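Participant: Go ahead and model the full structure; you've got the sequences and the hints to work with.
Okay, so the first sequence: first residue is 1 according to UniProt numbering, each after it adds one.
Incorrect hints may have been included.
[Stated by the list, open to error] DSS-like, lysine-lysine: derived pairs with alpha carbons at most 25 Å apart:
| hint | residue 1 | residue 2 |
| --- | --- | --- |
| 1 | Lys241 | Lys261 |
| 2 | Lys382 | Lys398 |
| 3 | Lys382 | Lys311 |
| 4 | Lys546 | Lys591 |
| 5 | Lys484 | Lys733 |
| 6 | Lys621 | Lys638 |
| 7 | Lys546 | Lys733 |
| 8 | Lys621 | Lys348 |
| 9 | Lys713 | Lys657 |
| 10 | Lys641 | Lys661 |
| 11 | Lys591 | Lys641 |
FYI, nobody ran anything at the bench for these hints, they're computed from the structure. Only a predicted model underlies this, so the values are computations on that prediction, with no experimental measurement involved.
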Amino acid sequence: MYGKCGSVADALAVFHAIEHPNSVSWTLIVAAFARNGHYREALGYYRRMVLEGLRPDGAMFVVAIGVCSSSKDLKQGQLLHAMILETRLLEFDIILGTALITMYARCRDLELARKTFDEMGKKTLVTWNALIAGYSRNGDHRGALKIYQDMVSKSPEGMKPDAITFSSALYACTVVGDISQGREIEARTVASGYASDSIVQNALINMYSKCGSLESARKVFDRLKNRDVIAWNTMISGYAKQGAATQALELFQRMGPNDPKPNVVTFIGLLTACTNLEDLEQGRAIHRKVREDGYESDLVIGNVLLNMYTKCSSSLEEARQVFERMRTRDVITWNILIVAYVQYGQAKDALDIFKQMQLENVAPNEITLSNVLSACAVLGAKRQGKAVHALIASGRCKADVVLENSLMNMYNRCGSLDDTVGVFAAIRDKSLVSWSTLIAAYAQHGHSRTGLEHFWELLQEGLAADDVTMVSTLSACSHGGMLKEGVQTFLSMVGDHGLAPDYRHFLCMVDLLSRAGRLEAAENLIHDMPFLPDAVAWTSLLSGCKLHNDTKRAARVADKLFELESEDEHSTVTLLSNVYAEAGRWDDVRKTRNRRAARKNPGCSYIEINDTVHEFVAGDKSHPEEELIAAEIKRLSKQMKDAGYVPDMRMVLHNVKEEEKEQMLCYHSEKLAIAYGLISTPPGTPLHIVKNLRACVDCHAAAKFISRIVGRKIVVRDSTRFHHFENGSCSCKDYW
DNA sequence: ATGAATATTT
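Facilitator: As structure tokens, then:
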């Protein structure tokens, strides 16, 4: 009684009061310890009995094996097994055999479980169930299904499955995705009288919805006489996740007073539905219900709410409120927030969140790190990226290919080809993304031929190219001016690789032809391709026209570009007014500037100093070290003018006085970032700057002068390429 | 002696 009521101390007192405990007394005290989780003590008393010369009987062995199951003590379990064989108990004790099977399965040794099963003479339904569950527990769901099939077809005993068998087998079907086997099992459950068993039928609903057949799931649901809350939840979250979110919300509306009360899991499903529908209003309504029912403090609810607000709202304000109100947070909480900031284009804030997460001692996982790495990539934050690399190398987070690809991407976008190649070389199972990143990295750093060679190498390794590989390879060809190879690669896409070119591939081809001076062909391709050209396509062609001095075509193309919205208005204005000016169309120059002045995205530049990314927006004087920056700019301007620099004021759009225009140029984000980098690092340190848009022409010219004056390398990554400034010149020619 | 479901991030 004491043992079963949870009072081990009382049980022990009684036990010790017994003068000559017999085998039943010993078994009861061992069971009392085991039942209450004291596995060491349980085995201790088992040993004491053996030491006192008493032989354990069948019941004692069952209890002792149970202890080994719970404490996952394989060694002790095997010892017991050997003793049982010695005592020849096994031949006639099915219960012992079954206990051993479960023990081996829980100790993750399926082979021994199977061996024990095979060596048993007689088997009961429970024995079969134990083996099926054992396979599923160890992740071998196909194996579990095989045993289920043997059981119903081949077992000499003619086993009839029960509810336990069915629910285990259905779960295995769910994981494997075997809907046809699931249907056979459904037929059998109905035929053998389990059509009203809630666990079995709920397992069926789950199986059907996870396997993608919501209609079949609904049929089972409708057939049920008594639907418990799990049936409702399974159906609702099935709808929510399988792209039928509207039906999830509709089903919820039909939960009446005679149905079970919705619980946490119900609300999780409903909020998932709102997230997938991007329905902020419904999401808020469910949020209110969650609060009324007192579930708001649940961790998972908090995470789902947070996720819903980041995906449905146009700002992060409500998400932030949910986050602040959460009492407990886990990795998932932080991941949702970090991903949100990266996707909202606030990579700097994402890194701050990551720092806060570390301060609060929440261990990041591979999802956290790959998102942090993409924030580092956006910002060119190599130091922090390297710190993440060190974290991965320390082995505290498992490194999968996805994470290693993120590392490659980070190093590449931070301008370090060597590190990118180094990470690639160390990847054990390289994926297509790894190869594509490698090809793109070589191309971006001026080794297009090497990039193309790696494309051939991956084909030789027997890998099948995909759309992303083709984009990398084609852009390598266009960057390297490899016209023939580019055209061949494009043709082989359809011919050899069976891939249909999408818009990105056509853009590469327009760029390839334009750079190579095949302007006629490029223009024809823009007209003939099965996609509507956007500003990017026309900009490629127009740059080609400028590069190859085709003024007439340039003017015609400019008129097309003039009509379109562009992501980077500032550089579009530069290009267009340049072209119009060369054609002497001064009215159009003015129109271009006036019409587009308002639509400009703010240009901003980043520089990482130590472990902090500093963000600079044109004209913004809010940096804490603003005065020092202004002084540095003043000092530099004077030295630059002495060296022959003339401010290029063509692109200053505002109607202001000349000297003010010059002031505005000085406060372009690139120059602010460079000035700050100069005053915050020791002389000679190379500077790495990232600009969100295309680098401004004047800043480009200024950077050349600065690199010579201060004797430093300056690397600027803008939206299209890397600029390496050194001793008065830049790696790129013909910059407009 | 066997099973115990439904839920969140990329």
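Participant: Check the hint pairing Lys382 with Lys311 against an upper bound of 25 Å on the C-alpha distance.
Facilitator: Violated, at roughly 29 Å.
Participant: Hint check: Lys641 vs Lys661, CA-CA at most 25 Å. Holds or violated?
Facilitator: 16 Å, holds
Participant: What's the verdict on Lys713 and Lys657, does the C-alpha distance respect the 25 Å limit or exceed it?
Facilitator: 34 Å, violated
Participant: Can you confirm whether the C-alpha distance between Lys241 and Lys261 stays at or below 25 Å?
Facilitator: Holds, at roughly 22 Å.
Participant: Is the straight-line distance between the alpha-carbon of Lys546 and that of Lys733 25 Å or less?
Facilitator: Between Lys546 and Lys733 the Cα gap is close to 13 Å, so the pair holds against 25 Å.
Participant: Would you mind confirming whether the straight-line C-alpha gap from Lys546 to Lys591 stays at or under 25 Å?
Facilitator: Distance ~20 Å between Lys546 and Lys591 Cα, so the pair holds.
Participant: Measure nothing beyond the straight line between the CA atoms of Lys382 and Lys398; if it is 25 Å or shorter, mark the hint as holding.
Facilitator: 21 Å, holds
Participant: Is Lys591 within 25 Å of Lys641, Cα to Cα?
Facilitator: 31 Å, violated
Participant: Against the 25 Å threshold, does the CA-CA distance of Lys484 and Lys733 hold or violate the hint?
Facilitator: 23 Å, holds
Participant: Would you mind confirming whether the straight-line C-alpha gap from Lys621 to Lys348 stays at or under 25 Å?
Facilitator: With a Cα-Cα distance of about 18 Å, the restraint between Lys621 and Lys348 holds, given a limit of 25 Å.
Participant: For Lys621 and Lys638, compute the direct alpha-carbon distance and say whether it is at most 25 Å.
Facilitator: Holds, at about 20 Å.
The structure fails hints 3, 9 and 11 (numbered hints given earlier, in ascending order).
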